[in-house]
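A.B. asks: Using the sequences provided together with the hints, build the complete structure.
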Amino acid sequence: MRAARIPFTPYLLILPAIVLVFVVALYPMAYALHLSVHTSELMTTGAFVGLANYRALLSDPGTLWSFAASVIFVAGSVGLAILFGLSLALLLNEKVRFRTAFRASILVPWIVSQVVAAMVWRWLLNADYGPVASGLLNLGLPRLDPLSEPRLAMWVLILANVWRSVAFPMVLLLAALQGIPENLYRAARVDGIPWSMTFRHITLPMLRPTLLVCVVILSLSDFNIVALPLVLTGGGPLDATDLASLRLYREAFSDYQIGTASALAILLFLVNAVLTAAYLRSMRART
Amino acid sequence: MTITFSVRWVKYSLTFLVLAGVAILMLTPVVWILVTSLKPEAEIYRFPPQWIPLQFTLDNYKAVLQSSMPMYFVNSIVVAVGTIVLTLFIAMHAGYAVSRFQFRGKNVFLFLLMASHMMPGVASLVPTYLLAGKLGLLDTYAVLILVYSMWQTPLVVWLIQGFLESVPATLDQAAMIDGYSRLGAFYRVVLPLSKPGLAASAIVVFVYAWNEFIMALTLTSADNMRLAQVGLKYYISQYGIQWGELAAAVILSIVPVLILFVLLQRWFVYGLTSGALKG
Numbered sequence: 001m002r003a004a005r006i007p008f009t010p011y012l013l014i015l016p017a018i019v020l021v022f023v024v025a026l027y028p029m030a031y032a033l034h035l036s037v038h039t040s041e042l043m044t045t046g047a048f049v050g051l052a053n054y055r056a057l058l059s060d061p062g063t064l065w066s067f068a069a070s071v072i073f074v075a076g077s078v079g080l081a082i083l084f085g086l087s088l089a090l091l092l093n094e095k096v097r098f099r100t101a102f103r104a105s106i107l108v109p110w111i112v113s114q115v116v117a118a119m120v121w122r123w124l125l126n127a128d129y130g131p132v133a134s135g136l137l138n139l140g141l142p143r144l145d146p147l148s149e150p151r152l153a154m155w156v157l158i159l160a161n162v163w164r165s166v167a168f169p170m171v172l173l174l175a176a177l178q179g180i181p182e183n184l185y186r187a188a189r190v191d192g193i194p195w196s197m198t199f200r201h202i203t204l205p206m207l208r209p210t211l212l213v214c215v216v217i218l219s220l221s222d223f224n225i226v227a228l229p230l231v232l233t234g235g236g237p238l239d240a241t242d243l244a245s246l247r248l249y250r251e252a253f254s255d256y257q258i259g260t261a262s263a264l265a266i267l268l269f270l271v272n273a274v275l276t277a278a279y280l281r282s283m284r285a286r287t
Numbered sequence: 001m002t003i004t005f006s007v008r009w010v011k012y013s014l015t016f017l018v019l020a021g022v023a024i025l026m027l028t029p030v031v032w033i034l035v036t037s038l039k040p041e042a043e044i045y046r047f048p049p050q051w052i053p054l055q056f057t058l059d060n061y062k063a064v065l066q067s068s069m070p071m072y073f074v075n076s077i078v079v080a081v082g083t084i085v086l087t088l089f090i091a092m093h094a095g096y097a098v099s100r101f102q103f104r105g106k107n108v109f110l111f112l113l114m115a116s117h118m119m120p121g122v123a124s125l126v127p128t129y130l131l132a133g134k135l136g137l138l139d140t141y142a143v144l145i146l147v148y149s150m151w152q153t154p155l156v157v158w159l160i161q162g163f164l165e166s167v168p169a170t171l172d173q174a175a176m177i178d179g180y181s182r183l184g185a186f187y188r189v190v191l192p193l194s195k196p197g198l199a200a201s202a203i204v205v206f207v208y209a210w211n212e213f214i215m216a217l218t219l220t221s222a223d224n225m226r227l228a229q230v231g232l233k234y235y236i237s238q239y240g241i242q243w244g245e246l247a248a249a250v251i252l253s254i255v256p257v258l259i260l261f262v263l264l265q266r267w268f269v270y271g272l273t274s275g276a277l278k279g
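So the protein sequences, as listed, match chains Z and S.
The opening residue of the first sequence carries number 1 in the working numbering; numbering runs sequentially from there.
The opening residue of the second sequence carries number 1 in the working numbering; numbering runs sequentially from there.
Among the hints, a few may not be true.
If you want the footprint, here are the derived chain Z segments under chain S, 3+ residues with CB under 8 Å [claimed, not checked]:
| no. | segment |
| --- | --- |
| 1 | 10-17 |
| 2 | 80-94 |
| 3 | 100-110 |
| 4 | 226-239 |
| 5 | 244-250 |
| 6 | 254-265 |
| 7 | 268-282 |
No more than 20 Å apart at the CA atoms, straight line, and that leaves these computed lysine to any residue pairs for SDA-like [as the list claims (entries may be wrong)]:
| no. | chain 1 | residue 1 | chain 2 | residue 2 |
| --- | --- | --- | --- | --- |
| 8 | Z | LYS95 | Z | THR198 |
| 9 | S | LYS62 | S | PRO256 |
| 10 | S | LYS11 | Z | ILE193 |
| 11 | S | LYS233 | S | LYS106 |
| 12 | S | LYS11 | Z | ARG103 |
| 13 | S | LYS134 | Z | VAL23 |
| 14 | S | LYS134 | Z | SER105 |
| 15 | S | LYS106 | Z | ARG284 |
| 16 | S | LYS134 | Z | GLY179 |
| 17 | S | LYS233 | S | TRP32 |
| 18 | S | LYS106 | Z | VAL19 |
| 19 | Z | LYS95 | S | VAL22 |
| 20 | S | LYS11 | Z | TYR185 |
| 21 | Z | LYS95 | S | GLY21 |
| 22 | Z | LYS95 | Z | SER105 |
| 23 | Z | LYS95 | Z | ARG186 |
| 24 | S | LYS106 | Z | PHE8 |
| 25 | S | LYS134 | Z | MET29 |
| 26 | S | LYS11 | Z | ARG99 |
| 27 | S | LYS195 | S | LEU183 |
| 28 | S | LYS11 | Z | VAL156 |
| 29 | S | LYS195 | S | SER221 |
| 30 | Z | LYS95 | Z | ARG189 |
| 31 | S | LYS11 | Z | PHE98 |
| 32 | S | LYS134 | S | SER221 |
| 33 | S | LYS62 | S | VAL74 |
| 34 | Z | LYS95 | Z | ILE180 |
| 35 | Z | LYS95 | Z | PHE84 |
In short, the hints are calculated from the structure, not lab data.
For glycine and all other residues, C-beta sits at the position ideal for the given N, C-alpha and C.
C.D. replies: In structure tokens form, the structure reads like this:
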């Protein structure tokens, strides 16, 4: 009698989770697919138009640029976050005084919201009253308004993003460093092998799986970022920082182009799916 | 001997100095906002700017407390608490099923959870908005709580599952022999032993719900339903940029998360990174 009941219990237990995931995640995605192949007239779905929305999107240089901008932003952010994160993890792995305090300070930007990060940097870089502008003047350099220079704005965006996200790879890599068995290094030390060699042949290979996880997770979150660019640059100046994710937001909620916005959402979803598949593979490689 | 000693000393000092420098640099932006929030209006618009205010004032904080910000903070707390309750309820049951049962479709379930967690918010923004509109759920706490719970449930399932697995299954068995039902054993025996897991999960969910912006911006438009982060954004456009007040509002919005961080740093870091490491 009991045996018949047992297989039933786990399904009951996971039912709420399934309902939530289906209703709030998968169904909307299917709905987006539906919207992407229809016209939209002020929030009502119109006729079926096949791939017209996609064609319109892909023949628009603005969209193509926004994907290029996303690639630049993601590559810059992820590259720098990993580089700094790894360096900081290596330094924090040494026994230094105030190590915990240093670590905590580096973690603080990680817990503030993207909106706050954007505002903090806007005010810091303010050309009229900000300390960065004043510091540059003191150094005899010209007054700088990086957020109004198309070429610099992207760097500011990347910098602000690295500032708020560097703690994530740092924490993961530090944990991974501490998991490398000490005897690997001891052998190298006995043989008098220089640091650069140990780093290349012991540390890096041991960190590889974690590095991979960091790259994928950071890429995913950077690729889908909206709040930070929306508040920091608004996509400008001159579309210089008009990331694909931000463009999707504006296409839908400033221009009310639901059809093309949904097509863009599906394209973003595909990129996410590829990144997720990469993530799952890297997880499997890790275990 | 002396040479190796001094090499080590140089290395130590360099490590220390670089770390100290980075720590200061990372905190500088936040400190600058804090300094600004304590300056009177006239001093904020002085060039070159002062790092130590000539005159301290709490006027900016008073102004923020008299604005709509406190209402937005309350909204954020309501949504965060609602999200914590719903997410933990759903995730602890799913986590228990995954940790204690072998059942058909378990791997599919775990894969779907993982996939839905990885599928980030911006792509579902448009359909979620339209569906919420059709269901008359725009401008409600319910829709934000539902959407936030959906984004956090997968992560919390993994988190809680790890803690549940550290509780031996023989305890459930013993409790069931004592006359508890399956669920009774879970609620009365296993859950109390997994409190750290629930706490870590609650922190993660709180920080997410407190900091989330784009869903909150999209799914609410009424002023009295605004969340804190959206309120900060509107502070810019509504009153022109009043940097002093904005800085005070920003500082107030960081305080709850910062307090949690200082008190529970270990769980904080554990919770926010564990999703990346469990598979």
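A.B. asks: Are the hints correct? Go through all of them and say.
C.D. replies: Hint by hint, here is what the structure shows:
1. 10-17: holds (count 6)
2. 80-94: Our answer is that it holds, as 4 residues pass the Cβ test (under 8 Å) against chain S, meeting three.
3. 100-110: This one holds; 9 residues, not fewer than the three required, reach chain S with a Cβ under 8 Å.
4. 226-239: holds (count 4)
5. 244-250: Coverage by chain S holds for the segment 244-250 of chain Z (3 residues, Cβ < 8 Å).
6. 254-265: holds (count 4)
7. 268-282: Coverage by chain S holds for the segment 268-282 of chain Z (8 residues, Cβ < 8 Å).
8. Z:LYS95 to Z:THR198: OK: LYS95 (chain Z) and THR198 (chain Z) at ~19 Å, within 20 Å.
9. S:LYS62 to S:PRO256: holds (18 Å)
10. S:LYS11 to Z:ILE193: Satisfied, since the Cα-Cα distance of roughly 17 Å is no more than 20 Å.
11. S:LYS233 to S:LYS106: With a Cα-Cα distance of about 42 Å, the restraint between LYS233 (chain S) and LYS106 (chain S) is violated, given a limit of 20 Å.
12. S:LYS11 to Z:ARG103: holds (19 Å)
13. S:LYS134 to Z:VAL23: It holds: about 14 Å lies between the C-alpha atoms, which stays within 20 Å.
14. S:LYS134 to Z:SER105: Violated, because 45 Å separates the two Cα atoms, which is more than 20 Å.
15. S:LYS106 to Z:ARG284: holds (17 Å)
16. S:LYS134 to Z:GLY179: With a Cα-Cα distance of about 51 Å, the restraint between LYS134 (chain S) and GLY179 (chain Z) is violated, given a limit of 20 Å.
17. S:LYS233 to S:TRP32: Given pair LYS233 (chain S), TRP32 (chain S) holds - Cα atoms ~19 Å apart, limit 20 Å.
18. S:LYS106 to Z:VAL19: holds (15 Å)
19. Z:LYS95 to S:VAL22: holds (17 Å)
20. S:LYS11 to Z:TYR185: holds (18 Å)
21. Z:LYS95 to S:GLY21: holds (17 Å)
22. Z:LYS95 to Z:SER105: holds (17 Å)
23. Z:LYS95 to Z:ARG186: Since the Cα atoms of LYS95 (chain Z) and ARG186 (chain Z) sit roughly 17 Å apart, the hinted pair holds (cutoff 20 Å).
24. S:LYS106 to Z:PHE8: Given pair LYS106 (chain S), PHE8 (chain Z) holds - Cα atoms ~13 Å apart, limit 20 Å.
25. S:LYS134 to Z:MET29: holds (16 Å)
26. S:LYS11 to Z:ARG99: Answer holds: LYS11 (chain S) to ARG99 (chain Z) is near 15 Å, not above 20 Å.
27. S:LYS195 to S:LEU183: holds (17 Å)
28. S:LYS11 to Z:VAL156: Violated - the C-alpha atoms of VAL156 (chain Z) and LYS11 (chain S) are around 32 Å apart, more than 20 Å.
29. S:LYS195 to S:SER221: Cα-Cα ~37 Å, so violated.
30. Z:LYS95 to Z:ARG189: holds (18 Å)
31. S:LYS11 to Z:PHE98: Cα-Cα ~16 Å, so holds.
32. S:LYS134 to S:SER221: Given that 20 Å is the threshold and the Cα spacing comes to 15 Å, the pair holds.
33. S:LYS62 to S:VAL74: holds (17 Å)
34. Z:LYS95 to Z:ILE180: holds (16 Å)
35. Z:LYS95 to Z:PHE84: At roughly 19 Å apart (the allowed maximum being 20 Å), PHE84 (chain Z) and LYS95 (chain Z) satisfy the hint.
When each numbered hint is compared with the structure, violations occur for hints 11, 14, 16, 28 and 29.
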